[in-house]
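2 protein chains.
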Amino acid sequence: MKLAEMSKEELSSFKAECEKEYADYKAKGMKLDMSRGKPSTAQLDLAMPMFDVFTNAASMLTVDGIDCRNYGCLTGIHDAKILFGDLLGVKEEELIIGGNSSLAMMYDTVARAMTHGVYESDKPWGKYDKIKFLCPVPGYDRHFAICEHFGIEMIPIPMSKTGPDMDMIEKLVSEDETIKGIWCVPLYSNPDGISYSDETVRRFANLSPKADDFRIFWDNAYCVHHLTDKPDKILNILDECKKTGKEDMVFIFASTSKISFSGAGIAIMAGSVSNMNHITKLMGIQCISYDKINQLRHVKYFKNVDGIMAHMAKHKEIIAPKFDLVLDMLNKDIKELDVLEWNHPNGGYFISVNTLEGCAKRVVELCKEAGVVLTSAGATFPYGKDPADRNIRIAPTFPPLEELEAAMKIFCVSVKLASAEKLLA
Amino acid sequence: MKLAEMSKEELSSFKAECEKEYADYKAKGMKLDMSRGKPSTAQLDLAMPMFDVFTNAASMLTVDGIDCRNYGCLTGIHDAKILFGDLLGVKEEELIIGGNSSLAMMYDTVARAMTHGVYESDKPWGKYDKIKFLCPVPGYDRHFAICEHFGIEMIPIPMSKTGPDMDMIEKLVSEDETIKGIWCVPLYSNPDGISYSDETVRRFANLSPKADDFRIFWDNAYCVHHLTDKPDKILNILDECKKTGKEDMVFIFASTSKISFSGAGIAIMAGSVSNMNHITKLMGIQCISYDKINQLRHVKYFKNVDGIMAHMAKHKEIIAPKFDLVLDMLNKDIKELDVLEWNHPNGGYFISVNTLEGCAKRVVELCKEAGVVLTSAGATFPYGKDPADRNIRIAPTFPPLEELEAAMKIFCVSVKLASAEKLLA
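Protein sequence lines, in the order shown, are assigned to chains A and B. Under this note's numbering, the letters of the first sequence match residues 260 to 684, in that order. Under this note's numbering, the letters of the second sequence match residues 260 to 684, in that order.
Only chain A is shown next, with the shape it has when bound in the complex (with noise of 0.2 angstroms):
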């Protein structure tokens, strides 16, 4: 029965026997963490083997003989740069492969942007009385965060099944030099796990903005990370710009930390060669050379982009039952209430959910009392402020599947809880 159709009497014996239900969770001093997407030791135990690939010194040799224990190399390795290259669709002069963070690449670009602008600036963007940033909603804290680190003002753009709401976009952009940016995770986003279609990504490639160094910030942090057998495929962005003139654009990003290893993977960004030549040439004040020996360590462990894909089908098989568990708890145990919509991603790290309105603040603290630690509400929206206060991020990859059930028990009753409040209220 649809909590909103019931009767005052039904709705707060409902929400009473909720209350007995959470009081006991809570009882048993639970301790688990829900709140960032990371993977599960199983997982990170998968890739193993990548310590064993150095046998001796000639083995740390990349192919065109460079020592990858020595300084130089600062775009990365002719090696990862095939290997990745690959992954991505784009030519070696077309990539910079990093440290260990995609995130400090998007944070660097966009600090060298403010200071010294990017390819064919007027001048830097910090030399604006204010500069702004789209930002697809829900979308990722972290995006949101060096915004603000930045005084970068945010203008959030509601997501739909394709994408960003593309009209939206493209009236913005067309009218306000001073919008220099949009955040976007093409694939599987950021909480939503939906995938741009082809009409989006040509219409991103297609897009006229006032600003001649507005950028599309792409990052594909979910490219590989497929939860179904039929994975979702989005359009070359790269690609499509090149097709309509405009390949300086558009930033790439993508990384291996849910690859490998979350604290030591490899990051990557591509984009066209004038847009990779500026930045090498100031990014070279900044380092004399990334982790190439952990460059040459995934290339020997991966070899190919096959290898890396043999690799996610074993994460597949750890994570998918994992999100298959949070459908299906939420399918049997509040699908008939009809006081939350979520989406049933086919890969990346979340399960995206929006409980009534003014509700997602009070499950967040009602977990954290019972001891399951969700991400904030709120989190997905730039400064933190999500202004219907419903959207929740559900990151299932990290706990075993035992504790991720006992932890959406007490998801999915402070779920119950909160919405009997909201409708008595």
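Be aware that one or more of the hints could be misleading.
Pairs involving identical chains hold if they fit within one copy or between any two copies, as the list cannot separate such chains.
[Claimed, not checked] Here are the simulated DSS-like cross-link-like pairs (lysine-lysine), alpha carbons at most 27 angstroms apart as the crow flies:
(1) K540 with K644
(2) K540 with K386
(3) K620 with K540
(4) K389 with K267
(5) K540 with K627
(6) K267 with K644
(7) K290 with K620
(8) K261 with K681
(9) K420 with K591
(10) K274 with K559
(11) K562 with K290
(12) K274 with K290
Calculated from the structure, these hints are not laboratory results.
Using the hints, position chain B against chain A.
Frame of chain A, contents of chain B only:
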């Protein structure tokens, strides 16, 4: 015989002999690189057992049970803080363990200061019309490049045998609020190999800058890079600053780039708790965590400071003979001509030489034409401009001994030839 005391005929005949010798070398078509302070292959080989420290997943946990393979631990693992805290003589909470590059930590520190200021700045450094850094000369070209990149005006400060000219520094910083920093390589300075006297360090700790947010960038790059059994010692700048109540005035940097691997070492930053907390907060926007696996790899291999010192003794065995060779050749081949001055460093990576005025560029050019690449003349000065055109940085560590000898023969004849040309002009 001193070259300056030769008659014109003697000098012409000397020059003709040098030209002949130079032409002979040039005809050999050698290709040798002494341009950067890179460890040799033999040095890199020393740390190869570092790749055998992980036996299984359990071996990748920190002492406090953190899985180094996953996200988290922004300021570094406890294990690494103990090791490097002991090495630098600072407490755990006074340390941040970074990625593979101390240059990147220095760059990032300046970059953050430009956009956000340092702890207790009234405003970001970038909000001033102009700010300035003091630059002891000759110095490290990459320090100067950071300043140039951010438009920070550089004021050269002459070096003496005890460190930079402290009278000049004290006067300048006390008078000018826009002087925000100074670059120091306090032990075995780059390129002179000079170590700061106790008085110099104490005078640094006693500085009374007009700018409240003035910072000493204390790049202790060669903290364990001794070439003799009686190594130089410097006072602990953070301790000295605590005595004067000015512990917020210094940022300390170090790395294992020339201890373990130049491309894949560990960078370290240290300073007051207030400074470290301020930086940690801002750094959290840029990065989730640095490579903790590599941090733990270093700790498991070196174990403690004694382990590092024992390892560095093996480095000394390899590189001290190279320094001796260079100094011997200069002594035997050039000294009596009185056209070149040089230092006898007790550690570090360079031998700094001064030619007759106006000859450094010519020497570098002659070497290059004969196949020996040296650091560009002028590189050791702000904006690449050595006003007297005298200083050349010799980096003897990278080539094997026999190649170094061949390169130094070309260097010596180039010095002689350039000096003769100068005196005949």
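Here is how each hint holds up against the structure:
no., hint, verdict
1, K540 with K644, "between (38 angstroms within a copy, 21 angstroms between copies)"
2, K540 with K386, "both (21 angstroms within a copy, 24 angstroms between copies)"
3, K620 with K540, "between (45 angstroms within a copy, 25 angstroms between copies)"
4, K389 with K267, "neither (51 angstroms within a copy, 68 angstroms between copies)"
5, K540 with K627, "between (47 angstroms within a copy, 24 angstroms between copies)"
6, K267 with K644, "neither (31 angstroms within a copy, 83 angstroms between copies)"
7, K290 with K620, "within (19 angstroms within a copy, 67 angstroms between copies)"
8, K261 with K681, "within (14 angstroms within a copy, 96 angstroms between copies)"
9, K420 with K591, "within (24 angstroms within a copy, 79 angstroms between copies)"
10, K274 with K559, "neither (57 angstroms within a copy, 55 angstroms between copies)"
11, K562 with K290, "neither (40 angstroms within a copy, 34 angstroms between copies)"
12, K274 with K290, "within (24 angstroms within a copy, 82 angstroms between copies)"
Checked against the numbered hints listed earlier, the structure breaks hints 4, 6, 10 and 11; every other hint is satisfied.
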